[in-house]
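> Sequence:
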Amino acid sequence: MAPPSVLTPRALDFPRWYQEVVAKAELAEGGPVRGTMVIRPYGYAIWERIQAELDHRIKALGAKNAYFPLLIPESFLRREAEHVEGFSPELAVVTHGGGKALEEPVVIRPTSETIINASFARWIQSHRDLPLMVNQWANVVRWELRPRLFLRTTEFLWHEAHTAHASAEEAAALARRVVRQVYQDLCEEILGIPVLVGRKTQRERFAGASATWTCEAMMGDGKALQMATSHELGQNFAKVFDITFSDESGERRLVWQTSWGASTRLMGALVMAHGDDAGLRLPPPVAPVQVVVLVARAGEGVAEAAHQLTQDLERAGVRAQLDDRPEPSFGRRVVDWELKGVPLRVELGPRDLAEGRAVVVRRDQAGKASLPLGQLASEVPALLDQVHQGLRAAAAEHLAGRTRRVEDLAGVLAAAREGFAAVPLDALGDEGETALNAEGVTVRLVRRPDGQLPADEDPPAALEAVCARAY
RNA sequence: CGGGGAGUGGCGCAGCGGUAGCGCACCUGCUUUGGGUGCAGGAGGUCGGGGGUUCAAAUCCCCCCUCCCCGACCA
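The numbering used here puts the first residue of the first sequence at 107, with every later residue one more than the last.
Do not rely on the hints blindly, as some may be mistaken.
What the hints assert, rightly or not - Pairs of lysine-lysine residues, derived as DSSO-like cross-links and limited to a Cα-Cα distance of at most 30 Å, are as follows:
id: 1; residue 1: K170; residue 2: K329
id: 2; residue 1: K206; residue 2: K329
id: 3; residue 1: K329; residue 2: K130
id: 4; residue 1: K474; residue 2: K130
What the hints contain is simulated information worked out from the structure, not anything from laboratory work.
This structure is a prediction, so every number in the text was calculated from the model and none was measured.
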């Protein structure tokens, strides 16, 4: 029984496969304005789980949620030279309101550093007000020329956290801690996607930052995707927004800041990192439906048994859904649930029922198993964990298998056709980076060869650059 | 903004002078149901907009609009 081809195989045309999965799994579709996105209920349910996990980690670090306006005075953006320069090409500017031309145009936030820092300047007076850590869940708009659902859309959803500290060391330490404790942890433990962590090169860093930290993951086609970033802003914004505090000795000083964010792009990562030719494969922690109980064929007592089983699973704390619809055929329903990435499928028909068993199929591997009905509810949580570990292991193997250590530019270019290339930083240099960029390859991050984050005092000879084609 | 394409039912496409069709999806009925069942019937389109040529334009010509693909930035 070869699975019917419902999708373009990944090997044939990966981008097309991606679009088809997003559409057929009912994750999202394009909005009426180019670059905008409608996130459908099934897709949004996944996002809500990611959101909850992120929110939890952000708060654990000490940040509190707040909300700042969508509309920002254009003059705010202008205050930080590098910041405006970085964002001006992708700004959406509102020139009219209330039927009249506005005296000062307002921009729709591309990020909220400026408007949040305007508040910080008022809120921070004393060293006792520090550290100040604020997070917001919001939509932002960056006019995109080449949009792709979830990966690059004109409007997207994200969280952005902004912090202010009394010392450079404290801010720097936080920016690094965030990469590991918030983002890497989320990606690996919840999304099941292994990531590399490191620092962005000067040309890849955020507009207005003194350093940018990143988590990079490898997608199914070997290309890199930036999962989240954390920025050390130094005193750049503090200077232009005059964010000062009186320290213990009464001296007036500028704060040191960070900002960090992760977006709905993570949804795209989920699709591209775990998906296979049958569709989405969702890690159980974010799957809206963890187990679907499928009536394979109607028969005496089957519907009742399936219903009971679903209830038992729910009582065991599993997100279970019963599919006893008579209408689409069994095969069709199977294909649909596979497309949607449901981690576990339980099939129940008269034959199984007669034996007091049910067929269990894991989405992360081929093959079926049969389990006694009475044991299912207690076994499923462990099975879900196995699916999660299975997906993680497959993604980790893929990353390891397509990452090569190389010694020079030619080696980078060769390796980047398949995946990631780790090259000694001093073998690359700024000219090397330019040469790579001309070939469509970018430096994703700089790190220590053992995978640790680089320290400020590390000489280039002690570091490596990980290069790849990227989304 | 430079180069290349395309606009025809919800989606994907064919038709390229004689007044609109196919696949998928949708609706109804029967038949099926353990890996996208099969059959029959049905609904749905001022063929992107405007102008022109012609007895006759989705089709040919002109203008406009929009969208998509490839080259410079970004979560």
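> Now, for every hint given, state plainly whether the structure supports it.
Each hint tested on the structure:
Using a Cα cut-off of 30 Å, the hinted pair K170 and K329 is violated, with the two alpha carbons roughly 35 Å apart. A threshold of 30 Å between alpha carbons decides the hint, and for K206 with K329 the separation of about 47 Å lies outside it, so the pair is violated. Between K329 and K130 the alpha-carbon distance is near 23 Å, which keeps this suggested pair within the 30 Å criterion. Between K474 and K130, the direct Cα distance comes to roughly 24 Å. Compliance with the 30 Å bound is thereby established for this hinted pair.
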